[in-house]
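S.K.: So the chains spell out like this:
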Amino acid sequence: MNRTRVIGEEAPVGSGSTWTHRRLLPPWLRREPLSLWLAAIAVAGAAALPVLYLVVRAAESGESAVDSIFDFDTLAILWRSIQLIVLVTLGSVLIAVPLAWLTVRTDLPYRRAWAVASVLPLAIPSYVGALAFISAFGPKGLLQGWLEGPFGVDRLPDLYGLTGASVVLILLSYPYVFLTVRATLWRLEPEMEEASWTLGRSPWQTFRRVTLPLLYPAIGAGALLVALYTLSDFGAVALLQYDTFTRVIFNEYNSAFNRAVAAALSLVLLAVAVSLILIEASARRRARYYSGANAARRRRRIVRLGRWRLPAFIFSSLVTLLALGIPVFVLVYWLTRGVNAGESGLFDWGAAFTSVQYSLAAAVVTVIAAIPISVLSVRRPGLLSTGLERFSYVGFAMPGIAVGLGLVFFGIRYATGIYQTVYLLVLAYVVLFLPVAVGLIRSSLLQVNPRMEEAAMSLGRSQINAFLTVTVPVIRPGLAAAAIMVFLLTMKELPATLILGPIESRTLATSIWSAAEEAFFARAAAPSLLLVIASAAPMTFLVLRERSRN
Amino acid sequence: MIGLPRISGLTGIRRKRNESVTSDIALRCTGVSKTFDGTLAVDDFDIEVKRGQILALVGPSGCGKTTVLRMIAGLEVLDTGRIEIGGELVASSGRHIGPDKRSVGIVFQDYALFPHMTVDGNVGYGLERKGKSERVEEVLALVGLEGLGKRLPSELSGGQQQRVALARTLASKPDVLLLDEPFSNLDAGLRERVRSEIREILKEAGTTTVFVTHDQQEALFMGDLVGVQVGGRIEQVDTPERVFHRPATNFVARFMGMADFLPVDPLGNRLVTEVGPARAVPGFEPPESAPLEVMARPDDFVLAPLEDGQGVVISRVFQGWAYTYEVELNSGLRIHCQMPHLLTIEVGQRVLVNLRRDHPQMFFSEGHAVPEVPRYGQA
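Just so you know, the protein sequences line up as chains A and B, in that order. Numbering-wise, the numbering used here puts 66 at position 28 of the first sequence, and it's gapless, one number per residue. Numbering-wise, the numbering used here puts 259 at position 115 of the second sequence, and it's gapless, one number per residue.
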């Protein structure tokens, strides 16, 4: 799953949020120890580092950076990025909304299986997805090979560029919309629709005038995640040769060594991401809907599809076949071919080991770093804590490539000791995935009644002891979920790892990347499958858990 | 569906009534049953409501009241029985007219207002375009919400939201209006005011109403008729006064207000209980062999402190205007007595207990009133 997923969801409002709001008190008069505030400030400061150094680097190069921003090239890149974002977002919504509705509200055959299968494309890193599509549909790909014999086809429609990039990204990112819409469909009170029926409206009118408008906020939140994912994606656009910000920035940095331009473009990229977030936030403010607290209380009516059952089934099958079936098939195909041909070095255990090490370190550090900010923003809502929480969300808006570059500049200038070591790399992961951890930990903290800790303190425990013995056990599932998510996201992360990884170190992601660049499909297959399976397992678990809750 | 003539936007009347079918019965349920996953939720349910009447269905939670309401609305499909609205059969086994095609409006417990529409949008939702704004204004005036049409539901208080939900339902002039625990989301102070307002609105609109509640006081206040439901069955339907004073069964007596039952020994023409003789209506004939009990409400007893009285006070609850005492009689039976606050009796004090003789009591045998009270009283 992408690091952006959790932020778009509404945090459940538990009793904790109604706790005292002494906004005006300075922090040292509040009950939380000063050390907690200092820790939170340090973490927020670290999260702000990459932005800061991008600004510094761009400013130092003076007019050339400003020139490069207003250069025609930048506008062209922006235009290409916007085209891609619009296409991918629209496509995702068009696939995800009907699919979500079908799997929640109708008698679609095997709808539980489809519910799981429709989320799993999130487990496929974009560079793996793109690789699989190139190998299947590209020039000299599998499909063309099969068609050549019997039909003499020697050319397929061009896959590269906007078409290929948008198709691949739609298929990999529609689950964001699917998840948010599905969650809202479960939460919607059946009484809303029943009221509409008893007022004389047909099921279709009810869907159009009541259900769909109530889904707009969820669609918006999901669409934002898709748009940010598209904007920050590096792997798919790079492999499919579509010049968006990330690809141009990487080339400027990597090949042309034009670092001022790379920094300036990264800032523009960041600005675009922030505008996307602001657009969605203002749309959400206009549509602040009441969400039912006691939904799913009653059994809901299942819509009988009747003669639409078969078309609906074909639609669901087609989506899963394209988004999940083809990548997995292609990977397995190349792996077996490689094994049969006796290729060596198909299983890069060293890279797998390095990946696991980095990811474990990132998971532990990120979760620990997220705790102070989460605790303060839940228990002490106020100007300072909210400000700190906002800072932790830098990684939400900032593509991996921009975080990576920012830290490169910081490392070269001020921290040569840790530059190109694992420490700076882990810092990048922390900045990138802090929002995910804060989001998950915050929402589990919101479920904890702060009176429990007060009860523990009235029974003679110190504050820290009360937190450790009462609150931590209750939020343990949230902490575990945060650690797992950060682990998985780190395993898949590509651009920051490419830029900041210690020289000579190989992770699964970077070894897939170098194999893909050389179109060495067989060598990319095994690590790709490993990544997909490792991400798919916990995701299946999460979806099944949601199902049993409902 | 909206284009069909059954909805006339201007008048808001959904269906042209067939005069020959029209009777003064607005709603009739006959032998309606419904099973959920093997559990009988509604069992052989019968009811008749005349035009303009308010029926309050009251019963403990889980007695199937809401299921009855949802079957009348067409939101649940019945297993057996018949439902007729305005003389037209809308549901029987094998026939189910959808909720959008019945002239029934329902107000849900949590109102189910459409949060993305203004008050005007909500109230006009079920109306045709022609004449819509006039009708919306008219109904908003009826419920006392003039001038709030442009607000969103989230900008209204709980009581106002309630009235919007009512207005939305009344707008299309349904033959039958259903209210599902409509006051349970309001706080206690507001509740009493809102319910009398709503009763006035319903009476003014002349709307036939079925109203579901678990609160006896609410049922007695709101209903022209009170139906007591238990275990999916109607136990008794009658006027509020008769349901309270002449309960057909033990259950109704206990459910509608605190009631104790004392064994009776018929001795010649005297009906002797542990707390003295009980008075019956003239011509009362006790059953030949079956055991007989007298029902007594807390205000039917008189207590006096007395050292060799036949009971002892085991608890006392102060209610301001009165005390309610729990008294254990020598037989071990416990009864509840209400006495004015002028007299305070300590816990542990022995007391003399007598039944008031200024009005006749109700008698029961094997759970049913003697003489028998009809389950369906005067409708």
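Hint data in this document are derived by calculation from the structure and do not stem from the laboratory. One or more hints might be untrue.
Claimed, not checked - Under 8 angstroms between C-beta atoms, here's a sample of chain A residues computed to sit facing chain B:
{"id": "1", "residue": "M230"}
{"id": "2", "residue": "E232"}
{"id": "3", "residue": "A233"}
{"id": "4", "residue": "W235"}
{"id": "5", "residue": "T236"}
{"id": "6", "residue": "P251"}
{"id": "7", "residue": "S293"}
{"id": "8", "residue": "R297"}
{"id": "9", "residue": "I315"}
{"id": "10", "residue": "E491"}
{"id": "11", "residue": "E492"}
{"id": "12", "residue": "A494"}
{"id": "13", "residue": "V508"}
Yeah, the Cβ is synthetic: ideal placement off N, Cα and C, and Gly gets one too.
S.K.: Give a verdict on every hint.
M.R.: Cross-check of the supplied hints:
1. Interface hint status for M230 of chain A: upheld, as the beta-carbon distance to the closest one in chain B is roughly 5 angstroms, under 8 angstroms.
2. This hint holds: E232 of chain A has a C-beta 5 angstroms from the nearest C-beta of chain B, less than the 8 angstroms allowed.
3. Annotation: A233 of chain A was flagged as interfacial toward chain B, and the flag holds, the nearest CB pair being 4 angstroms apart, inside 8 angstroms.
4. For W235 of chain A, the suggested interface contact is upheld, since its CB lies about 4 angstroms from the closest CB of chain B, less than 8 angstroms.
5. At about 5 angstroms, the closest approach between the beta carbon of T236 of chain A and any beta carbon in chain B falls short of 8 angstroms, and the interface hint on this residue holds.
6. Evaluation of the P251 of chain A hint against chain B yields a held restraint, the C-beta minimum of about 4 angstroms falling below 8 angstroms.
7. Interface hint at S293 of chain A: violated, since its Cβ lies 51 angstroms from the closest Cβ of chain B, which is beyond the 8 angstroms cut-off.
8. Violation of the interface hint for R297 of chain A is found here, the shortest Cβ-Cβ separation to chain B being roughly 49 angstroms, above the 8 angstroms cut-off.
9. Because the smallest distance between the Cβ of I315 of chain A and any Cβ of chain B comes to about 23 angstroms, over 8 angstroms, the interface hint for this residue is violated.
10. Look at E491 of chain A: its Cβ only gets to about 30 angstroms from chain B, farther than 8 angstroms, so that hint breaks.
11. Contact between E492 of chain A and chain B, as hinted, is not supported at the beta carbon level, the nearest pair being about 27 angstroms apart and thus beyond 8 angstroms.
12. Checking A494 of chain A against chain B: minimum C-beta separation of about 32 angstroms lies over 8 angstroms; hint violated.
13. At a threshold of 8 angstroms, the smallest CB-CB gap from V508 of chain A to chain B is about 32 angstroms, leaving the interface hint violated.
Of the numbered hints stated above, those contradicted by the structure are hints 7, 8, 9, 10, 11, 12 and 13, listed in ascending order.
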